[in-house]
Every structure is written in C-alpha cells, then in structure tokens.
Amino acid sequence: MFNRRLFSYARSQRVLFFLTIAFAFLGALTILAQAWLLSAVIARAFLGGEKLDALWSPLALLLVVVFLRALFHSANEFTASALAIHLKQNLRQLILERVLARGPAFTRGERTGELTNTAVNGVEALDAYFSQYLPQLFIASLVPLVIFFVVAPLDWVSALILILTAPLIPFFMILIGNAAEGLTRRQFGRMSALSGHLLDALQGLTTLKLLNQSRAFAASIQRASDEYARATLAVLRVAFLSAFVLELLATISVALVAVGIGLRVLYFQMEFQPALFVLILAPEFYMPLRALGQRFHAAASGAAVANRLAEILDAPLPITHSPNHRSAKFPETIKFHNIAFSYPDARAALRDISFEIRAGKTVALFGASGAGKSTLVNLLLRFDEPTRGEILLDGMPLRELDADAWRAHIAYVPQAPHLFHDTLAENIRFARPDATQIEIERAARAAKLHEWIVTLPQGYATSIGENGARLSGGQAQRLALARAFLKDAPLLILDEPTSNVDPELEAQLRDATARLMRGRTTLLIAHRLATLYRADEIIVIENGRVVQRGTHDTLLARQGAYRALALAGAGYA
Amino acid sequence: MREFARLARFAAASKWWIVLAVLLGAGTVGAGIGLLAASAYLISAAALHPSIAELSLAIVGVRFFGIARAGLRYLERLAAHTVSLRLLTALRVWFYNALEPLVPARVQQFQSGDMLTRAVADIDTLQDFYVRVLAPPLVAFVIALGMGAFLWQYDARLAFVLWGAWLVAGIGLPSFVQRAARSATQKWITERATMHAQLVDAIQGAADITAFGQGENVKTRARETSAAYASAQMRLAQINALQAGASNLFTNLTLLAILVVGISAASAGGFHAVYLATIALATIAAFEAVTPLPQAAQAFENARAAGKRLFEIVDTHRIEIERVDERAHAHARAHARAHGAMLLDVCELNFAYAPHHANALDGISFSLARGKKIALVGASGAGKSTLVHLLARFWEYDAGEIYLEGKSLRECSADAVRENIAVISQQTYLFNASVRDNLRLAKPNATDEEIVCAAQRAQIHAFVEQLPNGYDTNIGERGAALSGGERQRLGIARALLRDTPLLILDEPTANLDAHTERAILGELFEAAQDGALLLLTHRLVGLERMDEILVLEQGRVVERGAHAQLLAQRGVYARMWALQNQALRKNFNFRVQSFGGGEDAFNESTARVSVLCALERQPN
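For the record, the sequence lines run as chains A and B.
Each residue of the first sequence is one higher than the one before, counting from -14 in the working numbering.
Each residue of the second sequence is one higher than the one before, counting from 154 in the working numbering.
None of these hints come from the bench; they were simulated from the model.
Everything numeric in this text was worked out from a predicted model, so none of it was measured.
Virtual Cβ for every residue (Gly too), placed ideally from N, Cα, C.
Any given hint could turn out to be false.
Take a look, some chain B residues computed to stay more than 12 Å from chain A by CB distance [as the list claims (entries may be wrong)]:
#: 1; residue: Ala223
#: 2; residue: Ala333
#: 3; residue: Met495
#: 4; residue: Leu496
#: 5; residue: Gly516
#: 6; residue: Ala721
Short derived list, chain B residues pointing at chain A, Cβ under 7 Å [claimed, not checked]:
#: 7; residue: Thr242
#: 8; residue: His349
#: 9; residue: Ala426
Same shape as in the complex, but just chain B:
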C-alpha cells in the first residue's frame, strides 16, 4: 500500500482534472442508466394509456440521455487522457531528477543493464495509473451513491441489496480471485521467463547451435518448456473463465434479488408497480460501473509492482557518504603549500567503495603540472577508474586530498570541478541525435566554427562531411551507425570542444585495433600540448612519451618513473611489457643477441625498443 500512497501523490497534482474525469465518467454511466430507466418508465406508463402529454417528459428524457451519453463519454476520455499525460510528464521528470544525483556512484550496477529499460517501461505503464486503477473504483463509488439514492426512494431494502451485491462483486470477488490466482500467476510468470529465455537463446545463439549441430536438442527442449508454459496459461485461463462466469452470475442474481424485493414491496403498496421495470432496467445498466473492477484489481497489482521497482532504484541508493578525515586534511594542506599550486595535486588519497571493503585506492600521491603527462597503468580492478570517479566528484574520497589549482575538491561544487576536466573513456555515450547536437552538448553555446574545429582536431571532420546530412546526420541509438573508432573520435571531439585545462584519458583505446589505437593516442598527445594529461590504461602503448608512469596494483602505487627507467627496474612494469610483446621476441631474438642482451627476457624487451627504432630508420 505504501507504493499506492506514493503513486497517488503523483496523481494528486492533477486532482481537479481527476475530479472532472470521475464526474464525467459517472455521468456517462449515469446517462446509460437514465436511458434504460426512462425508456422502461415510458413503456410502463404507456401501458396505463394516459394522455400523450403525460409521457412527453419521459420521451424527452429518453432522447436526452441517448445523446448525452455519447457526448459525456467523449469528454470523459479527453479528461482521463489529460490526467494520463500529466502523470507521464510528472513521472518522467521525477525519475530523471531522482536518478541524476545518484549516477554513477550509487547506481553503478544499473548503468549497463536492462534495469533502465525496465524503468522506462514501468513509467510508461504507470501513466495509465488513473485510467486503469483509480478511475474504475471512483466511478463505481459515485454510481453506487447515486443508484442507492435512486432505489432508496422506492424502498430502502433495494438500496441495501444493491450495495451488498456491489461490495461482493466489486471488491470481494476480485480479491478472492486475485488470491486464488496468485500461485497460478507465479507459475505462469516463471514459466514465461524460462520460455522467453530459451527462445532468445535459440535465436541469438543460432550460429553456435548450428555450428555444434544442436538444433534438434534445442527444438525438443523448447517444445517441452512451451508445453509447460501453455499448461500454466491454461490454469490461469480456467480461473479467469470461472471469474467471468461468477461475475456474470452475480450480476443477474442481483437483478433477480432486486426484482423479488421490488415485487414484494410494490404488492405491499410501498410504491406503484409501474416503476418495477424502471428499477430492473436501471439495475442492469448500472452494472456497467462494476464490470471493470476485476481488471482494475489486476492493473493495480501491475502498477504496484512497477512503482515498487522505480522506488527501489531511487530509494535504496539515497545514502550520502560524507566522511572527512581532519588529520589527513591538515597534512594534505601542508603538502600542497610545499608544492606550490600545481594544476592537479593528489596527496595520500584513500578510498573504499563501502565501509569494511578493501581500499580501492590506498595512499596515492602525484602532482601534475601544466604541459605534463602522467600515466597510471595497472590491470583492471587496480583502481584506475576509481580515481577518475573521485576526480569527477562522483564519489567523496575518504582520506587524503585532491587539489585542483591549489583548491581542495571538497571545497568545490561538483559543477565547478567538472568545468576544469574533460574525460575521454571507452564508455563515451553518444545520444540518439545529430552529430552536431552530440558535440554541442559539451558546450551549448559553441559556434559552428568551433564544432568543426574540434572535429578537425579529432580527425573526424572529413568523415562527418561525407555523411548524407553532414553534421546534421542522426547517428542512431548509442551511435549505432558508427564504428568503434568513429564513436571514439566523436567522444574526443566532444572533449576537445570543452577546452579544459586537464584532459583525462580512461582506457581511451580499448576495443580499438592497434592501428587506430596508435593514431588516436598520437592525436590526443598533440591536443594536450598546452594543458595537462592523465592517461589511465592497461595497454602499454605510447607510454614512452609520458613524463611519469605510476604502476598501480590493488589501489597502491608499486612502481613509478619514466618508461625507460621502469623497464630497467625489471619490476612489475617490465613484466607486463614482456607479456604484452611476447610475440615479437622470437622474431627479433637474433638482433637482441647482437645488442648483447643475452637470454634475459627483460633485457630483451628493453633492447627491442632500440631494435625497432633502428629498423625503422633504415631506408627501405
């Protein structure tokens, strides 16, 4: 019920529209009742053969209700859909605003997955919250009051029979059926999930299935699950059919009860028997208000589940992590003073993703001046991406300090920090919009010249020019129309357009082939000439152009120095280098020997650089 209350709060913003829509809905059903009641009265009164004048009111009533019903229905549907649309807008804006501060730190796990797709589908479901969930019981309630009052004037017992019957038909029966169907529904959901997974597997894995000759096995298994699913569906169909029958039976039994009570009351002289037909037909027409209630119960379950999923995403992650280590703070400040105002100063930085978790970063320190390049290398999980998250103010760090131009990040707003950095990562997201709009996101007031200039520097301008609509070409969902390299170059153009003092490259060339990797890194090093560059990577490519390399292992710096130095140290870095370049060893062995490197693998690697240099300089 908590979800219901929260969902109702969204609806409350449109409460006058809802009042209007409910009144119009009740009016529509009321007009239906009026039409049949007036018609029945007309015929009954006519059977007593009065003068035509006495029937004129009934005739006008019949015609009025006949026309009014269609008009009211039209207006009701417009009002109801206005509520839906307002609800949709409110939900969308609410969800976006609720998620915005949580991304990516608190909702990391939702980023990639189907979670967001489902959330958006849930929002689409919830827009019908009024039409399917709120409206039916509200309209039924208004009609119950009106019909009760109408019947009461003939005999109070009639009103009680109707109210009693409606309580059973509108609330008792649906909730009973809901309970009876619960286990069948659960089984149905499970079987459906199994079957869907299997169908998806069979289609998406068709290549593997065919290559391994498993087609017959897959078909047999699919037949079995499909049969299990069908039997679960049959069980539900039985329950639904029983409910439909019971609901129909109940409607007509109510009519019978009203008739019996009405006849006995009329013959006892309670009211004139001319109204018997009116009462009976009004009762039949009024059931229009109760028949949608079982579906509303179903829709309520769906809406509750959808709401629950949305609230879960937003709620469970609304925990602020704010811990400040005063001692480290002071220490760091002293450190910064000693070093003067570097562009970026990271001192004794410590961070864990959750209390009691191992430190993702453990005492990291380095200083980056303008015009310099630093690389952090290490396997995935060494803590490189964590550092980017902290620099971008996605998370608050636990201890130590980060200074940007001498100012602690803790004292800066996230917006102010992000003004100064541009991040190029492998996850650069491209929106389903034109090339121009995707680039302009980086700098909303950028001129066309600036955009073209950034594209030229990222060497993507020529490619964009040959697209059918140039910069106005839509690049599809997640840039689907582009290759990995083109996507990455657009990401780079976007970063360059921002023209920030600090450029952070987070695995900028993952998923690119060696050719493109080289080319793109070269461009980026050029681009960062005036500013500073921080490269995070597990690929040891282009590192000889770095001013300093920090080797990370489990959040700790285990080695630091320039490329040649590190190779000479024969430590972790040299081992990584040797592993990466194993393939060439055999080939260049003879040359390595001539450089006097011997069998030592590490010497060999060091020597190989010179070999290659020499090789390339030879005129061909």
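Extracted from the complex, chain A is given alone in its bound form:
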C-alpha cells in the first residue's frame, strides 16, 4: 500500500520527513541500548550476586538512556504531526486554487457536496496517512533490520527466526488486508446506509406522523439495526481472522525464540545476558511491523482520498486569461450568434440560439426550468464556453477577452445567491471590497433591505450563518440586489427566483428590481409577468431552442407558451 501521489506530496516537506525517520531511528538505538543495559544489570544482580551499591553506574546510564528514548519518541511524534499539518495546509490551498480556477462549471450541481467533503474531511483524513502510516512504512523496514544486525552475531538461530517471520507479517497483512478491505468497505457502506435510514426517518417524522405510521416505524428501526448487527458480526468473524493470524505470527515467533535461547543457555551454548537481551528485543522487533498493520486503515482511506484529489488537481485548467484584449469600454451590442452548447456527456442544452442585446435595453429569457436559460447566462458570464457559435461584443468574439476584465462589467443577481459566513455588511461589500459603510447602506436601502437590517440588535454587524441570523428567501434575494446596486456595473444579469413569496414582499422586490434595471443593459431570466412585461424583448425558449420572441403585448396576443402562462398566473383556469 504505497501511494506514489501521496508520497510525492510528502517529499515537498523533505526536511520534516527526514527528521521524522531520523528520530525514529535514534529511538531504535536507544531501545537497543536500554535492552542491553537492562540485561546487563539483571545478569550482574542475578548471576554475579552484585548488590545495588555496585550497580549504580549502569543504572545511572540506564536512566540517561530512558530520558533520551522519551526525548526521541516525543520528537518523532512532533515532527510527524508537523509534517502532516504542513502538507494538509498546502493541499487545502492547492484545492481551493484549482476549484476557483476551474470555476462554477466545475463546482455546480451535485459535485458541490463531494468537493466540499474532499477539501474538508478528505484532507483531514490524510493526517493519519502522513503522520502515522507513511513514516511508519520506512520505520518498519529500517528498525527490524537494525535489530537483526545486532542480534545476528549474538545468536544466529534467533536472528534467522526473526528475519524469516518478518516478511510473513507484511505478506499476510497485504493478503488478508485486501480481502478484509473489500469486506470492510462493504460494511462501511452498510453502516452509512443504516445511518441514512435513521436520518431519513427522523427528517420525515412529521410526514410519518400525519400518515399515522410514526410508531410503527420504530419497529422498522429496530429491525434494520438488528439485521445490520447480524450481518456485521458475520463479516467480523471473518475479518478478525486477519488480526488473529498476525497476532499469532508475532507471539509464536517470540515463543520460538524464547524456547530456543532457553535451551541454548541450558546447554552452555549461550550466555545468560545476551539471551535476555535477545528476548527483550524480540517483541520490539515485531512492534513496528504490527504498528504498520494497525495503520493499514489509514493507508486505505489515504489512497481513496488521493484518487479524489487526482480528479480535482489533475484536470486541465480552462484558459480564461488573454492579456491581449483587455476590454476598455462597454459594447453597444451583445450578440449571441448561432450558439449551441452540449454538456460533457454530449446532451445538447442549447441549439442554434441567436439574439442580440442593445445597450440600455432589457432582454428577458422565458421558459420552463431546464429549457436552457441558465446555460445562456453561464455562457455570457463565461462560466462555460459555447460548443458552437460565438458571443460577439460589437463584433468582437467574447472568448478573446480576459474573463475577469469582462466580468467587471457585469452585476449578477443569481436565483439563490450564496451567503458567506460573515456579517451582513461584509456580505454586501463582497461585490466591491473597497466600498465604504455609507455606500453599503445606500445599496441596502435601494434593495429595501436596510429597514430590516436596522431592526437587528447588531445591525450590519450581524453575522449570517449557522450561529447567526438565517435569511429568508426574500431577504437573500434582496441582499443579492444590494450587491448589484453596490457594484453598479453597466450589464445586469438577473435570475429571478421561482419560489412564491407573499404578494406584499413580491411588490417590494419588484420595485427594487425595477430601480436596479433603470439605465442598465439587462439580461433577465424571468418567471413573473410583473417583470416580463417591462422587457424590451422576450425570448421564449423550449428545449434549447427559441420558439417565440416579441414583447409582452405581442406575445400575449398570440397563442403559445407565453399566453398560457400569462392566463394561468392571472387567476384564471
């Protein structure tokens, strides 16, 4: 279980890595010294019949060795932890840089959860790999070798037993480990399924109650747990056999060594002191190998994380920087020209879309969810590049522009804005980090958020998030508007939320949105007639194609998707 990728990470901290192994090696030397002194003191007291007074000098030496041993042990632990801490820190930064460089096209959808999990828990899971497993891998091959060379001249039979059984331990470990790993993984899957089952029941408890099934469900919990316990024990009976074999190998070898040297001492083939020395060392010989076995789990989970890291770190970066064309001024027309877009799995999201937004005008995209509206917005924001066709800014292709420079022209109001774990003020300031408090309040006022914020005990300093205030959908939406007000960019991209809010609140949102749109070029994804009827042009999209276009009035006069919705929303069936 040697992972090339993880080892190459570890090499970036070679000083700490070297120190970790060096301290372990020095520790092994103190173990040898301690065993030698111990056997010497006992031999002199036992066979030499020496009293305590005569033994003070080896005992004092033993005391020094004991202190050194503790020192090296401590130093080894510390450098191993430090190694892991530095590596984890680097990895986190690397992941973050990669994720941000690859942009929203990479993070959106279901991957968010997985990515977060890798960056947070995955990296943390590597701690055991770096601090325990990887150094142990070297120590386990180094220390037994040193012990072997010390023991061999004293008693070659014991040395032979040790060196012959030693490879058996990793051999069995890998052999059984591989089999057990599959079992363990399946077991782990069952375990999370079981936890999922309980969570599911708890989250759905209200529903269960309404269906009058909540009490009956307790039996189902009991049954699932019992089944899990039975299946688990069956697996463990097999899985623990591996530990049994390893333990047996180590103890039997010690027993073999002990009986062997005992008989050699009996028949005058060996002195008592070296015999005791070998006996004390025998368990120490197997210790690093067994420690390695116990950390096998760390190795397995480390390798799993390494695979997920590869996905994030190895994929090529999109090219969004082009220093040649820094866009200086905002274009008169933004033209979508024969745009087509397909997902990586070749599903077509957009086919042959063409339309144009003139400076100062408002174009609204309208259609069912999944029709392709958000994809168009992603293309304009350069989160994605079109598969075919081109977005032209006054005739110049958008893809030749530096992405960041282009985005500086855009204020984006997403349907579900991300709220950062920070204060309200910082969440608004996010749109323009150099904004003053006055500018922030002005933006909040324009977005009709100020009145609510000042009712909070801590006002703008209220933090949002787990322990702070929770914002309702409407408030989050207004915060996004405040960001857009603060950014004050010439192009506004507005993705209207689909969820229904109270008519009163809706009216407030509508006013704020209307103010924001004033004087700006706007691309809207709209669901409400209230917003739609203000657009200069409405583009109706179905299955990635433009099916209708016109103004609210002209579209309402014609049969079609738009009219159907208009009438439904008006309270008429």
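Using the hints, position chain B against chain A.
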C-alpha cells in the same frame, strides 16, 4: 458526569457481554505478560543449568501463552463489537422513540437543520462508547489487580510501586494533559470551524465569487485562516508529543524503580534473584494495559459531548402543554349542538406557541360540511400553518374547540384524529425508498391496484411507468431524483390513497410554476368532490371555486366570504389580489375602461376576471 451515568445505563443492558469482553481483554494482556514472564523465567532458570525436566513447565507455559494470546484477542474483539452493535441498536431505537412524540411541536427548529444529521453522527460515535471509553480503564483495573497480586508474592513494595505508577500514568497524566490542552483544543475547534466555513463558502459560492471577480481576495483570506488553523494544530501537536514522551518516560522509569526495588529485595534475601528478569519483563508487558488510557480520556470527552447534545434535544422539550379553558369548552359545546354535526367545526379557537407570546390564532371560527371547500388566505405568519398543526394534534389548543364529526379533538387520540385527515403540504417528505414503498406508507395494507389508482388520480402514473423500474424505482434521498412537481404529485397520490373525509392543502403549490400550480389545484379540487377540502394559501389562485374564503391577519379573521364578494368589498383580499395581478393591469386597461371600471384599481381587478373570461371564450 451525568451524561456518563446515562450513557452507562445503555451499556448496562449488555452487562454480561461487557463482563465477558473485559475478561477476554484482560486475558489478552495477561497472556502477553505470561509470555514474557515465562520466557524470562525459562532463560533465568536455564542459566542455573538444572535438568531439562525442571524447565518443561516453563516451556509449556511459553508455548501456551504464545498461542492463547492470539485466540483471546480474536474472541475479545468479537465480544467487544457485539457490545458496540447492541449499543448502537439501543441508542437508535431510544432516540427515535424519544423524538417521536416531540415532533414537530417541540422540536420544530431541529426539523430542517443539520441538528438531526449531527444527532445521527453522534449516535454513530457513541456506539464506540464501550470499546473506546469503558473497556480500557476496566481492563487496566483487572490487570492492575492481577499484576499487584503477582508482584506482592515477591515483595509488597513492588506492588505498591506499580499501583502508584499506574495511578499517575493512567489517570494523573491524561487528566493533566487534558487540562493543559483544553484552551489549545478550544482554539483548534474555533479555527477549524472558521476554516471549514470558509472552504465551504469558497466552493459553494464559486459562481458568485467568479462573477464578482473576488477569487484573489478569497484565496488570500483562505491562506490566512489556513495558517491560523495550522498554528493551532501545531500547538496541540506539541502537547500531544510532550504527552507521548512523558508517557514513554514514565513507563521506563517505573521499570527502573521496579528493578531497583527488586534488586535490593532480592539481595536482602526476600526472594531468589532468578525471578528478577521475570519481574522486569512482566512489568514491561503489563504497560500494554495503560498505554490506551490517554486516548480513552479523549474518547470520553467526545462521547460526553455527543451524549450531551442528544440528551439536550430529547430533554429540553419534554414539557407537556395541557391547559383547558372550561368556559370556552362549554361555550363551544353549545355552539356545536346548534350547528348540528358538521364534518369539521372550529369554534373561537385560540392558541399561542408559548405563554406570554402573542396569539398565533385568535378566535377563529368556521364550519366545513361534506362536499364543501374552504380557503384560509393570508401572508406567511398569519396563522395558517398553526391551524394545520392543531388539526393534526401536534399541539394542544389553548381555548375554543375543534370538533371532528361532532366530537371534540381533545377527547380523541391523536391517531384517531389523523385517521380522518390527509394533509398535503409543500414539505411532503419522500423517503429514500421505492415509489411503491413511499406510497404504501399511507396505507400499509394497500393493494397494488389501489396504489396505481391513487397514482393515476394524482396524474403521476404515466411518469412512474416510464421510470427504469416502474413503481420499484428508488427515488433517492428526499426524492432527489424527482422534480418539484413530481414530488408534489407523489405527495398527493399518498394523500389520496388514504381516502380520508377531510383533505387539507397547506400551500400545496408553493415552489411550482404557474402552469403546474393550475394543473395540480384542478386535480385536487376534483379529488375532494365527495369529502371536504381546506385550502391554506398565500397565492390567490383558483379561489373562485371555494365556497368560503377566510382572510387571516395575525391570527385573526379580518374578512370572509366568497371570491366575488371579497373583491367587491375592496378590503385586504382585494388589495392582495391587485398586488398579485399588477402586471396584467396595464395590458388590459383599455378593456377594463370599456367595462366602465374607471381608474379605480379594485374595480379594475374585479373587471379583469370577466375580461379574461370573455377573452378565452372568443374563438381563435
């Protein structure tokens, strides 16, 4: 310590398994001690060159302990995991049963959040309560007794040295380190939370960050927090390294002390010096029982915290609210008699979520007969959901009465009440199971035909049929594989399957687009043809088909009547209607004028209905 006592009570149910596991654990360590002690004795005795026969017992002992240790370890692990699994089952069933009566009234705030996810993770942590927390000190205790007895036969002082050393190494050192590490641990936890939040923000907010060009700022800040976190980790690593060193030092110092005492006792003639090596090596082997104790202290802290969180959820909400207003009771009974047995009769209903809180419902009255439809409209927070909670017997009402078929809800068991109502809400929960199992929950003995029939009525049958495994398709966590509309239709099928006399629709179409909203409401009105229907909504859609509409504001009925009546009253309802339909006003203005409505917005709204009717009837 209170948490510990309560957790120990769960363990007590498996006490014989625990006794067995502890004995096997002690046996494993004991076999290790035996192996080294017998080996040391064998060599020492051999050095005196007796006949081989005198060594045979020692040789058998060495071989026996060598084999026994592995076997005991195997059995110990099986027994220990049996305890874990029994603990897990007990904890899961206990937590579910404890939470069941509290949901949703007492634990409303836990429903959505990460609280439950954490509770389940806590239960998973606690299954190791025996293996990590209970077992190490228990095994250490048994070994301390055994080793003490073993050493005592040579010299009592040896036993005292060992016990003293173990008290320090097993209890003193871990608790000292725990205290020393407390502030560092606290800082570590805080820094970790900050860093995690920031990482999560950066990944989940990647679109916003990129769109606003804030990538560099985010990276710089992340670097700073990551560094702060790393330095907190380093501080802990220092403490842990010191502890590891101290523990190692202490082990070997104990060995030295035993050796010094042993040599002086042996040379004073207390026992034969042939046992010196045996004593020394047994002491080394016995430390296996003490080394896991610092980790056990750590695990104890974790288990205590996990237990505390679970007990908090269950305890703080175990308050029964039962207040009966006798006067209102009598009044309500009279009211019911006067009205005859309606299906549902709500009289002068009052309710507050907590004493001294404003009333969430304030004197609500209405009667619903079979075949009728009533709507309660109002902004969120007006009290609509509260009414559903009371009708479903999640809470006890304070004053007034609710009668179901003439019988007071107070006199009915919650189960009996819920037999009669089906609720369709926006929070309809779908379980991570097949479509069929999700539907069958509503009626466990339903036949396949009944399930298909309900699905057909909810117009989801065709969709289910085209799924890869039809009705046996798993719909994922919270129905993740489905769209909002499909989820809602499944919820509706589930409600229809129950075939109850009263159908309650609590914002049934929130988060749906206008098309789907229309379609689903139409289906539901059809479905409730024979029974009665109660619609709670803030969307003024389809209300012209209601027999009566109650407009709620802050728990009070401010207007009531049919749709056309309410529009004509020009009150709250008409204003809500106008706001909702503002967009169309401009468009239809010219037609409104021709109906003689003038500039008046409210007239305009009223007129617009007729306009639209007329518009639709025109042949195209």
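Evaluation of the interface hint that places Thr242(B) against chain A, nearest CB under 7 Å: 4 Å, holds
Outside-interface status for Ala223(B) - nearest CB in chain A farther than 12 Å: 4 Å, violated
When the least beta-carbon distance from His349(B) to chain A is tested against 7 Å, hint result: 5 Å, holds
Leu496(B) remote from chain A - nearest C-beta pair above 12 Å: 18 Å, holds
Exclusion check [Gly516(B) not at the chain A interface, CB over 12 Å]: Non-interface label stands for Gly516(B): nearest chain A Cβ at 23 Å, farther than 12 Å.
Interface hint for Ala426(B), Cβ within 7 Å of any Cβ on chain A: 4 Å, holds
Consistency of the no-contact label for Ala721(B), given chain A and a CB cut of 12 Å: 16 Å, holds
Minimum Cβ-Cβ distance from Met495(B) to chain A exceeds 12 Å: 22 Å, holds
Status of the stated non-contact between Ala333(B) and chain A (beta carbon gap over 12 Å): 15 Å, holds
In summary, the structure is inconsistent with hint 1 from the numbered list given earlier, while agreeing with all the others.
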